[in-house]
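J.: Working from the sequences, and respecting the hints, build out all of it.
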Amino acid sequence: MLHKTRGIVFKTTNYSESSVVVQIFTEKFGLQSYLINGIKRPKSKIRLNSLQSLHLLDMVVYHKPSGNIQRVSELRHQPVFQQIPYDIVKSSITMFLNEVLYKSLKQHEADEILFEFLFHAIEILDSMSQGLANFHLYFLLRLTRFLGFYPDNTNSSAAYFDLKSGGYSNLHPPHAFILEPPYTALWTQVLNANFDTLYELKISPAERKVLLEKVLDYYALHSEGFGKVKSLEVLEEVLS
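Heads up: the sequence shown begins at 14 in the working numbering, then just goes up one per residue.
Source of the hints: derived by calculation from the structure; they are not laboratory data.
Hints are supplied without guarantee of correctness; some may be wrong.
Stated by the list, open to error - In the BS3-like style, the derived pairs of lysine-lysine whose C-alpha atoms are separated by at most 25 Å in a straight line are:
id: 1; residue 1: K119; residue 2: K17
id: 2; residue 1: K56; residue 2: K17
id: 3; residue 1: K58; residue 2: K24
id: 4; residue 1: K243; residue 2: K119
id: 5; residue 1: K103; residue 2: K116
Stated by the list, open to error - FRET-style restraints, in silico, Cβ to Cβ:
id: 6; residue 1: D165; residue 2: S79; range: 36 to 44 Å
id: 7; residue 1: V73; residue 2: F162; range: 34 to 42 Å
id: 8; residue 1: E193; residue 2: F130; range: 23 to 31 Å
id: 9; residue 1: R84; residue 2: E193; range: 50 to 58 Å
id: 10; residue 1: S57; residue 2: E220; range: 43 to 51 Å
id: 11; residue 1: S79; residue 2: S29; range: 18 to 26 Å
id: 12; residue 1: R84; residue 2: K222; range: 41 to 49 Å
id: 13; residue 1: V34; residue 2: S253; range: 30 to 38 Å
id: 14; residue 1: D71; residue 2: V34; range: 13 to 21 Å
id: 15; residue 1: V34; residue 2: S142; range: 32 to 40 Å
id: 16; residue 1: P194; residue 2: S86; range: 53 to 61 Å
id: 17; residue 1: N207; residue 2: S178; range: 20 to 28 Å
id: 18; residue 1: P194; residue 2: K53; range: 50 to 58 Å
We treat Cβ as the ideally placed atom computed from N, Cα and C, and that holds for glycine.
T.: See the structure below:
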């Protein structure tokens, strides 16, 4: 049966000389794998460059609830990116966030609220002109709302943030997975921001690097099998 759905590209893997399997987070069905035959051939209706990291799609797909690999009938960019493919900073942020999302999101069922957040955030990234260097920090902390480990803002004026428990503390936690001054306050500022106010955050490149490492530690502590983010080094080099 054919279905219309929006989608966000996560990962494309070669399947044969002319075909690929692409993992797409869809609005209707959650994360799904789609086999696209003949996409590498010159006369293919679907272009391979349509399947770059976090590209936003309108799709018509075949869906079998019991199937491991689904098929695509139609696919097109919607909306078409104006800046991400051509801006080194935005494309590096996209590559980094794509890797984190791929490691974090496993659900094969619909989550329309999460999908709307992701879709809207990527649209904002494409058009953003201010606060770009803080986008990934805010995005990742907001994403934890949907992953089940959003930080507890109670006592947010405390000196420490315990990455293990996910809450603030006036006492130094008995382990190394913490935020301490001045990073605790910066973490709180990011949590309290929104996409429109990211340009107001006064965070130096050195502080941003530490904060991002702490955010990734937080993910690793609360997301099973998270592992190392390989694109981190590229992002840090671009933002330095």
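J.: Should the hint that P194 and S86 are 53 to 61 Å apart at their CB atoms be regarded as holding?
T.: For P194 and S86 the Cβ distance comes to about 55 Å; the hint holds.
J.: Does the hinted range 30 to 38 Å hold for V34 and S253 at CB?
T.: Hint holds: Cβ distance 35 Å, inside 30 to 38 Å.
J.: Taking the CB of V34 and the CB of S142, does the distance hold inside 32 to 40 Å?
T.: holds (36 Å)
J.: Check whether the Cα positions of K103 and K116 lie no farther apart than 25 Å.
T.: holds (20 Å)
J.: Between S79 and S29, does the C-beta distance stay in 18 to 26 Å?
T.: Hint holds: Cβ distance 24 Å, inside 18 to 26 Å.
J.: K119 and K17: Cα distance at most 25 Å?
T.: It holds: about 22 Å lies between the C-alpha atoms, which stays within 25 Å.
J.: Return holds or violated for the Cβ distance of R84 and E193 against the range 50 to 58 Å.
T.: holds (52 Å)
J.: Indicate whether the distance between the beta carbons of P194 and K53 respects the range 50 to 58 Å.
T.: holds (53 Å)
J.: That 36 to 44 Å hint for D165 and S79 (C-beta), does it hold up?
T.: At 40 Å between Cβs, range holds.
J.: Look at the Cβ atoms of E193 and F130 and judge whether their distance stays inside 23 to 31 Å.
T.: holds (30 Å)
J.: Does the beta carbon distance between V73 and F162 stay inside 34 to 42 Å, or does it fall outside?
T.: holds (35 Å)
J.: Holds or violated: 13 to 21 Å for the Cβ distance of D71 and V34?
T.: holds (20 Å)
Violated hints for the displayed structure: none, as all numbered hints are satisfied.
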